[in-house]
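Asks: These two chains come separately, so use the hints to put the complex back together.
Taken in sequence, the protein lines are chains A and B. Residue numbering for the first sequence follows my numbering, starting at -10 and increasing by one per position. Residue numbering for the second sequence follows my numbering, starting at 30 and increasing by one per position.
Rather than coming from a laboratory, the hints here were simulated on the basis of the structure. Each residue gets a CB set at the ideal place from its N, CA and C atoms; glycine is no exception. Please note that a few of the clues may not be correct.
Anything over 12 Å on all C-beta distances counts as not near chain B; from chain A, calculated [stated by the list, open to error]:
1) 18
2) 109
3) 183
4) 212
5) 271
6) 316
Short, incomplete list of chain A residues facing chain B, as computed with Cβ under 7 Å [stated by the list, open to error]:
7) 94
8) 177
9) 179
10) 301
Some chain B residues near chain A, calculated using beta-carbon distances under 10 Å [stated by the list, open to error]:
11) 77
12) 107
13) 115
14) 121
15) 124
16) 145
17) 148
18) 151
19) 197
20) 199
21) 244
22) 248
23) 252
24) 253
25) 256
26) 257
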Amino acid sequence: MNRTSSPTPPGLILLRGLAFLGLAAIIYRFWVGIGAVANLSDGYPWGLWVAIDILAGVALAAGGFVVAGLVYIFGGKQFAGLARPAVLTAFLGYLMFVLGLVVDMGRPWHMFYIFIGNHQSPLYEIGWCAFLYTLVLALELLPPVFERFSMDRAYKIWQRTSPWLVVALLSLFTWAMTFSLAWTLAVASILLGWELMMEIGVMGRKGQTPVLLIAAGVMLSFLHQSSLGSLYLMTPHTLNPLWHSPILPVLFLVSAIVAGIAMIILESLAVESILGHKTPLEPLFALAYKIPILLIVYAALKIGDILLRGQGGILLTPHVPAAMWWVEMSLGVFLPLALYVAPGLISKRAGLAVVSVLVVAGLVVNRVNVAIVGVEVQRWHTYYPSFFEIFITLGILSMGLLAYTWATSQLPIHDQE
Amino acid sequence: MKALLMDTTFCVACRGCQVACKQWNQLPAEQTVFFVGGGYQNPPHRSSETWNLITFNEVSRQDTLDWAFGRRQCNHCLEPACVSACPVAALTKSPEGPVCYDESRCIGCRYCQVVCPFNAPRFEWGKRDPEIRKCTLCVDRLALGQEPACSQSCSSNALIFGDRDELLEMARTRIAKRPDRYVSHIYGEHEVGGTCVLYLSKVPFEQMGFTTGLPNTPFSQEVHRAMAAIPFALSGTALALGALYWIINRRLESFKEDTEEQS
Ligand code: SF4
Ligand code: SF4
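One chain only, chain B, in its complex shape (with noise of 0.2 Å):
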């Protein structure tokens, strides 16, 4: 499985890879503003036309402040909430990790959005005939047997692309080398069950804007339970049903006669 390592500490947040996105995607520009929500974060928040936003956290370490700069996007978990929740199949995870969206089922019905313990996917609120868009781990250069855009143009190493195995060992390994540089924790290798994008930080996660207190199990599991419990409930209640109706009709026989001279 591909998956993507996100080194924050590395990251100078020039926002090359934002706009390779929007590049390859043929994403609109945004207008935007500095200082509304973010400081120069910059658009302040992800949408239909931003898939991937580099987050600015004004962060206290060592008695000074610093910048630390997160990143936002799709993680494209192993098991992911969207794609069970999906009524129509318009979400699916590939084998090789992308989760992926057809716009020719969707119905437009949210619930990806109600479900993404990340907040990926965004609607197009303005349109007609909307869709959802999210990052798609660019599947379409995958394809080609290229890394993904934003990867691709990451000039200082901070995002790297490979074998999520191979990207969790690597980044165990910077950890216990330096754990002065890191906290001692891979965000995206357990949460939500985990996830293809990985992420190292010099501060805690919660400090950088990311959902933290996530399960580890997958949001599905629940509901995977509940939807098991269908077809037992489905003759449950049939051979319940059959049951009282015949215990109790037998008792009123006398009702019986009464119904049929009323009809």
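So here's chain A without its partners, still in its complex pose (with noise of 0.2 Å):
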């Protein structure tokens, strides 16, 4: 990091104002309570909060664990430049996830008290999940920090003791989501015997990172990236047909992946054109390559599952959510698709670039349809976000940036060539 200090640029000025902005709207909501801020109603209870900083946002954070799983455990050394980045994306963007629900629950106070709630609910899932997998996260993006201030006993001690935290931590979150010694013990001695066959060599360890570690972010990752589907499960009285479906969690978890994906492959864009780090290019081919074939599996889930629950007449409706529908799908799943397909433009930074955008942009309005557009409530007014909804996530989302660019100064994250 040998950049000169030159005048602050007008980006970074900019989002210290919104960051700002959406601070100072933060406290007010507090001290005014919701309805004071928010167009949300008893009708309407959840919207753009939820929609963008909970849905889109942890769906947009998925690279983390897609990427450290490629690296670590699927032996894809070509991407393991991208995994310090991946990873920090992930944790910033997992605590942007907790600072929005604080932001959205009535009483954030009593928060903890998910920890012993109810294991029938979803939304349980999802508290236990995100915390356990923020800390994973934490693990994962401590070898920086150790290099950084050259620690090497704690690099070591971090290396020996994760593992087996990593097992007590998925065996405690099993007994969580079960009360059931069986499922406990039988988790926890997967991963325990896991571990010992790396420990006496049947299996190869590589590397410095403990595979545990990055196993436990791939496992809590699939569960509630899914368990957000979950949660419109409960929703068939408000939720059109086009959204709500069996298989939503399944959905949610492979739009995800492809979405995170596309994420990584922006940030690293994004990273050399401010930022000024140079990227190399080829693991960004290789990993875009990999979106078509899941946009294919996607496309085939989804459209698969709206004819065969026979609800393909909706898509042909003159009205907003199936034309939501198709620009969500056109964004996110067609265009890209075609884009592929034409030859040479993926080949180039622009082509790349314009694919992942896509690829996002459909996620977003994804989560959007799902939480706000398909949603009817009876006798209710529809629901639009109110400026102040729009100001709190806007500041959110830029303080998310502005922590990502102090990392990047302040630790060895994009230097690994």
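Replies: Written out as structure tokens, the structure is:
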């Protein structure tokens, strides 16, 4: 990091301004209550904050577990340079998500009851899982900190203890989800068996990173990414059948994986052009070629599901939900796939950027559709977000971006060549 | 299990039950206006301060216009969506029937509002320390051996409190005896798995502003299935990841050496 100090770029000033406005709005919201700042109502109790800060935010942070898994479990060594930025993005993404949650909850000071809550509720699962995953991400982020401050001893201790910590955390989690000793023992013994086999050398161990830590990230992500979809299994009375489907959890998981990958590509390109780090392009292309396969799987699941449930007719109805379904699918699936077919486009920076932006936009529209557009409550006027809601969401986003630029300037995140 | 039967054909819309509910639960009066959503309905909507509302519906019957008075409140479902949804178990179903709320655990996430088929839970939007408010089926009065305030106050016998099975029997008999007086449907017998508030009506329930088209299975069914899959998913992904790691890692012995040199 040998960039000379230059005058603050206007983008940074804008971000700081938005972050400040957002913070002020958050304080005001806690002072006067949610009703005074948001357009939420008893008919539409969830709105923009849930759609963007929670649903879209968590999905777009999926790149962290996808890239970490690719590198450390699936042996994708060409992606090794992307792992740290991806994990950092995911970690900050989850912090933003928690902040969004605190703003949206009426009484966040009770939030720790969620750990002794109701294990039938998908929200309980999401609470547990997101908390543990944030912890796992923090652990995954420690190596750059150790390197930066040359803490070799701590690095060693981290390597040695984190697998056991992971076994303990995941066992506790299984217990909390099932209250069943059998299941807890089953999960614990699979993980212990894995670690022991590596310990005695039956299974190889590679590199410095504890594999179990990465595996825990993947397991927890699979669960809560899909549980965010499970939330809406219980709303057959309000959610349009275009989106209300028994396979919603699977759709949420698959779309999060694709969009998470697109987000990583976008982030690398943005970092290159804005912060001026050199990004090798080959890994990005390799990553980008996983997108169309996943998109085809997603499209097949999504369209097959609608047709099998006999709701295909709605797609041709001239009303807002159907139109928004087409917008969502065109942006996120059909257009990107078309661009992959066009020769040579993807092998250029610009093409890569366009495809990634489309996929990310498609995901955001999808989550907005599930949380807002597709929801119709009898006897209530539709919901539109208020300026306050928008400013708080923008503020949280800006805080995340500022934290990202700050962290990358302090820690060896991008310099791994 | 205890329940309420509301025979709307007897209701004269005196709103005595609304007042009794406010009095017993110490709910403040609301500033109200006629003819903003619901004609003479007053107040126009339920809120955190009005848990029980008599609705005024103009219906056409036998070629004339007629009033049909309905009612909205928490229906105290047999398998409540709100109870399955609440992440902190602030909502619970008691064996006697009422679905109760414990303010000391609630995190204010409003998931209960999102899933309730009858839009019953209301949030105190204007407060700094907001709670969820809704009909309690007067669980505190039941504990004293009394009936709910609303049914006790009902002067036209439209609201009857009793054992759910007996009330269902009574409702069936009424429909059988006077098929001209009732539509042949007991609202709440099967809706979303059955509820502890049952309704009889002279006109189809959709004309009375009731939520119709609800399935006969509880909303929580699909979500229970998804939640039951969690331990399988957890151990399945662990096994699959471990196995894949083993296989791939063997194939890439050379990679192992590579990274070790690097690090
Ligand atoms: S009517 Fe709504 S609030 Fe009342 S028990 Fe049923 S789901 Fe819960
Ligand atoms: S708002 Fe309160 S009662 Fe309702 S689901 Fe959330 S924690 Fe439970």
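Asks: Indicate, hint by hint, whether the structure satisfies it.
Replies: Right, here's what the structure says about each hint:
Not every beta carbon of chain B lies more than 12 Å from that of residue 18 of chain A, the smallest distance being close to 10 Å; the non-interface claim is violated. Some Cβ of chain B comes within 12 Å of the Cβ of residue 109 of chain A; the nearest lies about 5 Å off, and the non-interface call is violated. For residue 183 of chain A, the requirement that its beta carbon stay farther than 12 Å from each beta carbon of chain B is not met, with the minimum near 4 Å. At roughly 6 Å from the closest C-beta of chain B, the C-beta of residue 212 of chain A falls inside 12 Å, breaking its exclusion from the interface.
Chain B leaves residue 271 of chain A outside its interface by the beta-carbon criterion, the shortest separation being 17 Å against a cut-off of 12 Å. Non-interface status of residue 316 of chain A relative to chain B is upheld: no Cβ of that chain comes within 12 Å, the nearest being about 24 Å off. Evaluation of the residue 94 of chain A hint against chain B yields a held restraint, the C-beta minimum of about 5 Å falling below 7 Å. For residue 177 of chain A, the shortest C-beta to C-beta distance to chain B is roughly 10 Å, which exceeds 7 Å, and the interface hint is violated.
Checking residue 179 of chain A against chain B by beta carbon gives a least distance of about 5 Å; that is within 7 Å, so the hint holds. The closest approach between the C-beta of residue 301 of chain A and any C-beta of chain B is roughly 20 Å, which is over the 7 Å cut-off, so the hint fails. Among the interface hints, the one on residue 77 of chain B holds; its C-beta lies about 8 Å from the nearest C-beta in chain A, closer than the 10 Å criterion. Of the supplied interface hints, the one on residue 107 of chain B is violated, with its beta-carbon coming no nearer than about 15 Å to a beta-carbon of chain A, more than 10 Å.
Interface hint status for residue 115 of chain B: upheld, as the beta-carbon distance to the closest one in chain A is roughly 6 Å, under 10 Å. For the restraint placing residue 121 of chain B at the interface with chain A, the shortest Cβ-Cβ distance is roughly 9 Å, inside the 10 Å limit, so the hint holds. For residue 124 of chain B, the interface hint is violated, the least distance from its beta-carbon to any beta-carbon of chain A being 17 Å, above 10 Å. Because the closest C-beta pair between residue 145 of chain B and chain A is about 9 Å apart, less than 10 Å, the hint holds.
A least Cβ separation of about 7 Å between residue 148 of chain B and chain A falls short of the 10 Å threshold, and the interface hint therefore holds. Annotation: interface hint on residue 151 of chain B holds; nearest CB of chain A at approximately 5 Å, less than 10 Å. Of the supplied interface hints, the one on residue 197 of chain B is violated, with its beta-carbon coming no nearer than about 24 Å to a beta-carbon of chain A, more than 10 Å. About 29 Å separates the beta-carbon of residue 199 of chain B from the nearest beta-carbon of chain A, more than 10 Å, and the hint is not met.
Nearest Cβ of chain A to the Cβ of residue 244 of chain B: about 7 Å, under the 10 Å cut. The hint holds. Against a cut-off of 10 Å between C-beta atoms, the interface hint on residue 248 of chain B holds, since the closest Cβ of chain A lies about 5 Å away. Against a cut-off of 10 Å between C-beta atoms, the interface hint on residue 252 of chain B holds, since the closest Cβ of chain A lies about 5 Å away. Contact between residue 253 of chain B and chain A, as hinted, is supported at the beta carbon level, the nearest pair being about 7 Å apart and thus within 10 Å.
Below 10 Å, beta-carbon pairs count as interface contacts, and residue 256 of chain B has one with chain A at about 6 Å; its hint therefore holds. Because the smallest distance between the Cβ of residue 257 of chain B and any Cβ of chain A comes to about 9 Å, under 10 Å, the interface hint for this residue holds.
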